[in-house]
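J.: Protein sequence lines correspond, in order, to chains A and B.
Just so you know, numbering that gives the first Met the number 0 puts 45 at position 46 of the first sequence, and the rest follows in order with no gaps.
Just so you know, numbering that gives the first Met the number 0 puts 62 at position 63 of the second sequence, and the rest follows in order with no gaps.
Rather than coming from a laboratory, the hints here were simulated on the basis of the structure.
Glycine is no exception: its CB is placed at the ideal position from the N, C-alpha and C atoms.
One or more of the hints may lead you astray.
Stated by the list, open to error - Cβ-to-Cβ under 8 Å is the rule here; a few derived chain A residues that face chain B:
#, residue
1, 121
2, 122
3, 124
4, 213
5, 216
6, 217
7, 219
8, 222
9, 224
10, 232
11, 310
12, 311
Stated by the list, open to error - With a straight-line Cα cutoff of 27 Å, these simulated BS3-like cross-link-like pairs (lysine-lysine) come out:
#, chain 1, residue 1, chain 2, residue 2
13, A, 231, B, 132
14, A, 235, B, 88
15, B, 132, A, 235
16, A, 231, B, 88
17, B, 120, B, 204
18, B, 120, B, 81
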Amino acid sequence: MLTFIGRKFLAMIPTLFGVSILVFVIFNVVGDDPVYLYLGKNATAEDVEILRQSLGLDKPLWMQYLVSMKELLTFDLGYSMSSKQKITDMFIKGAGPSIALTLPALIMYSGISIILGLVCAFYRGTWVDKSIAVLATIGMSISYVAVMIFAQYFIAFMPIEKWGIELFPITGYETGFPDCIPYIILPNLITVFVALGYNTRFFRSIAVEEMNKDYIRTARAYGANTRTILFKHVLKNIMIPIIARVVVTLPFMITGSFLLEQFFVVPGLGYKLLHAIESADFKVVRTFTMLIATLVVITNAFADILNSMVDPRVKLS
Amino acid sequence: MSKRVLEVENLTTEFHVEAGIARAVDGISFHLEEGETLGIVGESGSGKSVTSLSLMRLVPCPPGVILPSSKIRINGQDILKKSAREMQKIRGSEIAMIFQDPMTALNPVFTIGSQLGEVLKRHQNLDNNASRKRGIELLDLVGIPDPTQRIDNYPHQLSGGMRQRAMIAMALSCNPKILIADEPTTALDVTIQAQILELISKLQKEIGMATILITHDLAVVAEVCDRVAVMYCGRIVEESNVFDLFEKPQHPYTRGLISSIPRIEDAGADRSELYAIPGMVPDIHALPDGCRFADRCFQVEDKCRTEDTQLADTGDGRRVSCLFPLGQGAQTA
Numbered sequence: 000m001l002t003f004i005g006r007k008f009l010a011m012i013p014t015l016f017g018v019s020i021l022v023f024v025i026f027n028v029v030g031d032d033p034v035y036l037y038l039g040k041n042a043t044a045e046d047v048e049i050l051r052q053s054l055g056l057d058k059p060l061w062m063q064y065l066v067s068m069k070e071l072l073t074f075d076l077g078y079s080m081s082s083k084q085k086i087t088d089m090f091i092k093g094a095g096p097s098i099a100l101t102l103p104a105l106i107m108y109s110g111i112s113i114i115l116g117l118v119c120a121f122y123r124g125t126w127v128d129k130s131i132a133v134l135a136t137i138g139m140s141i142s143y144v145a146v147m148i149f150a151q152y153f154i155a156f157m158p159i160e161k162w163g164i165e166l167f168p169i170t171g172y173e174t175g176f177p178d179c180i181p182y183i184i185l186p187n188l189i190t191v192f193v194a195l196g197y198n199t200r201f202f203r204s205i206a207v208e209e210m211n212k213d214y215i216r217t218a219r220a221y222g223a224n225t226r227t228i229l230f231k232h233v234l235k236n237i238m239i240p241i242i243a244r245v246v247v248t249l250p251f252m253i254t255g256s257f258l259l260e261q262f263f264v265v266p267g268l269g270y271k272l273l274h275a276i277e278s279a280d281f282k283v284v285r286t287f288t289m290l291i292a293t294l295v296v297i298t299n300a301f302a303d304i305l306n307s308m309v310d311p312r313v314k315l316s
Numbered sequence: 000m001s002k003r004v005l006e007v008e009n010l011t012t013e014f015h016v017e018a019g020i021a022r023a024v025d026g027i028s029f030h031l032e033e034g035e036t037l038g039i040v041g042e043s044g045s046g047k048s049v050t051s052l053s054l055m056r057l058v059p060c061p062p063g064v065i066l067p068s069s070k071i072r073i074n075g076q077d078i079l080k081k082s083a084r085e086m087q088k089i090r091g092s093e094i095a096m097i098f099q100d101p102m103t104a105l106n107p108v109f110t111i112g113s114q115l116g117e118v119l120k121r122h123q124n125l126d127n128n129a130s131r132k133r134g135i136e137l138l139d140l141v142g143i144p145d146p147t148q149r150i151d152n153y154p155h156q157l158s159g160g161m162r163q164r165a166m167i168a169m170a171l172s173c174n175p176k177i178l179i180a181d182e183p184t185t186a187l188d189v190t191i192q193a194q195i196l197e198l199i200s201k202l203q204k205e206i207g208m209a210t211i212l213i214t215h216d217l218a219v220v221a222e223v224c225d226r227v228a229v230m231y232c233g234r235i236v237e238e239s240n241v242f243d244l245f246e247k248p249q250h251p252y253t254r255g256l257i258s259s260i261p262r263i264e265d266a267g268a269d270r271s272e273l274y275a276i277p278g279m280v281p282d283i284h285a286l287p288d289g290c291r292f293a294d295r296c297f298q299v300e301d302k303c304r305t306e307d308t309q310l311a312d313t314g315d316g317r318r319v320s321c322l323f324p325l326g327q328g329a330q331t332a
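Model the full assembly from the supplied sequences, consistent with the hints where possible.
T.: Encoded structure:
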């Protein structure tokens, strides 16, 4: 087991190295020259040279790459061009609100949709299955933005406007637990609503496939009841797609939901990234890209390890 | 006469599908006596597997329906009147089943021990330690070497034959009175087949459970069965003890089946072609009015095409469903 984990983590190193080169090439070689983005087209040659030197862009490419790697590995990324904050602080401060806005929702909608999917698969073709399927299709057909606008207007804004009751704050955020709770409930509920239909259908389809397997018939033939069949036999067999699906979304939980943060004015990572893109803050955007890539690689290795724990056949391959 | 552990009367199982109603099993009746082995033989699609699933009430519903006029009595109790919960108590403890493909019939992500243990805990109220101990005994009983180690193996770590042995251990775990073996050797190598059949008949004699062996392989039937029911198009066309069936088949279909067995004596110099029953099994949605075998029968007469057949006694406990059963003496296979 330990060697398996070790192997998985060693395998990450070349991947991350490749990713870092790719990101560097995209931003420093083929991308626009950031100096002109900052100074505009009327900059003097002298200004350009000074900024180029201060950003270290006058050095050869391989040296620039090494400097950027050193910055990443020591978590010392300097200052943002637009907000003048320390980039490391920006990321640390932004991660909290982003996670608070999305992680509870992920846990809730995954749990609920797995249970609904299993129930649908068990009662396949009956009215239970059909009505859940209709509701799920309706849920997944409504646009994310529409749900956000509706929820913000009818659940947060209207009670204050009409009756003077503040159910939820309309926008904003306060750092720290439990101060953040009132601000995160509504965004989380919106995410649950939007993701529930889609995920229920996904988990239903993989559970239906599993329900047709011979070992389910065996379990029935030896007297297993509904609960044992669904939550023991089927659930453990569909853990691999479940892990794959849930773990793959984890990096994007940490980087936050751009739209939600924008709508509810939450200073999470997504919000900050949008502003960095607007102000052409190339170093912040580059760091962001690297962060997401790294998280994807790490969570995938993590998913492989979890898979080997639930399915004994994984280790062999 | 010994006790009847299973009585099936007028069992009819239908599938309500888009193409119409498919009657996979059409009003069959048979019984099973204590300790005996009944073979159910037939081609693919003759309804033998649906029969076995009906006996366990495991026919997927929807689309499958067992008609209410059917009766399945296990030790005198009609199981078609049982609730789902009562059925769960019966399955595995009174009547157990082993399946065709041991590769897929066991859950791949649980150890053999935990799957055996689940059944033991459910029906025998054993705790973890006791069920593990019993599990090891059972694995030993079915001839799995090194059972204390094997019990912690996952199904993919065992060979096909070993898996089928583990499956048999599971079937025996609660001393059922009836064992249904649905093509237990079809997915196995020939050498392993013989071992598994030997194991089943040996254990059956030791434990004294009645067995229904479902197969399309007449050689297997000749080997282990006491009585045989031949199924065709959802009906039993002939029922007989195993010796008479092979000696003097009374239904033309049975005779055709027996003639289809390759014989070593025929494999001589001329290598004559292997006999096959002409024609095809009729479509289940468009069954003929008369005898269902009429189109393939070598002695078909006009009456056969209009008049439906009934399973009728022909003496010596034999039954045949044919207007012109093959006589004793003049016609032999």
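J.: Are the hints correct? Go through all of them and say.
T.: Structure-based check of each hint:
1. Nearest Cβ of chain B to the Cβ of residue 121 (chain A): about 12 Å, over the 8 Å cut. The hint is violated.
2. The beta carbon of residue 122 (chain A) is not positioned within 8 Å of any beta carbon in chain B (closest approach about 10 Å), and the interface hint is therefore violated.
3. Against a cut-off of 8 Å between C-beta atoms, the interface hint on residue 124 (chain A) holds, since the closest Cβ of chain B lies about 5 Å away.
4. A cut of 8 Å between beta carbons decides the hint on residue 213 (chain A): the least distance to chain B is about 4 Å, and the hint holds.
5. Annotation: residue 216 (chain A) was flagged as interfacial toward chain B, and the flag holds, the nearest CB pair being 6 Å apart, inside 8 Å.
6. Nearest Cβ of chain B to the Cβ of residue 217 (chain A): about 5 Å, under the 8 Å cut. The hint holds.
7. A least Cβ separation of about 6 Å between residue 219 (chain A) and chain B falls short of the 8 Å threshold, and the interface hint therefore holds.
8. A least Cβ separation of about 4 Å between residue 222 (chain A) and chain B falls short of the 8 Å threshold, and the interface hint therefore holds.
9. A cut of 8 Å between beta carbons decides the hint on residue 224 (chain A): the least distance to chain B is about 6 Å, and the hint holds.
10. A hinted interface residue such as residue 232 (chain A) counts as satisfied when its beta carbon comes closer than 8 Å to some beta carbon of chain B; here the least separation is about 6 Å, so the hint holds.
11. Because the closest C-beta pair between residue 310 (chain A) and chain B is about 5 Å apart, less than 8 Å, the hint holds.
12. Using the Cβ-Cβ criterion of 8 Å, the hint placing residue 311 (chain A) at the interface with chain B is satisfied: the shortest such distance is roughly 5 Å.
13. For the proposed pair residue 231 (chain A) and residue 132 (chain B), the alpha carbon gap of about 23 Å is at most 27 Å, so the pair holds.
14. A threshold of 27 Å between alpha carbons decides the hint, and for residue 235 (chain A) with residue 88 (chain B) the separation of about 24 Å falls inside it, so the pair holds.
15. Under the criterion of a C-alpha separation no larger than 27 Å, the hint pairing residue 132 (chain B) with residue 235 (chain A) is consistent with the structure, at around 25 Å.
16. With a C-alpha separation of about 18 Å, the suggested pairing of residue 231 (chain A) with residue 88 (chain B) holds against the 27 Å cut-off.
17. Under the criterion of a C-alpha separation no larger than 27 Å, the hint pairing residue 120 (chain B) with residue 204 (chain B) is consistent with the structure, at around 26 Å.
18. Between residue 120 (chain B) and residue 81 (chain B), the direct Cα distance comes to roughly 22 Å. Compliance with the 27 Å bound is thereby established for this hinted pair.
In summary, the numbered hints that this structure violates are 1 and 2.
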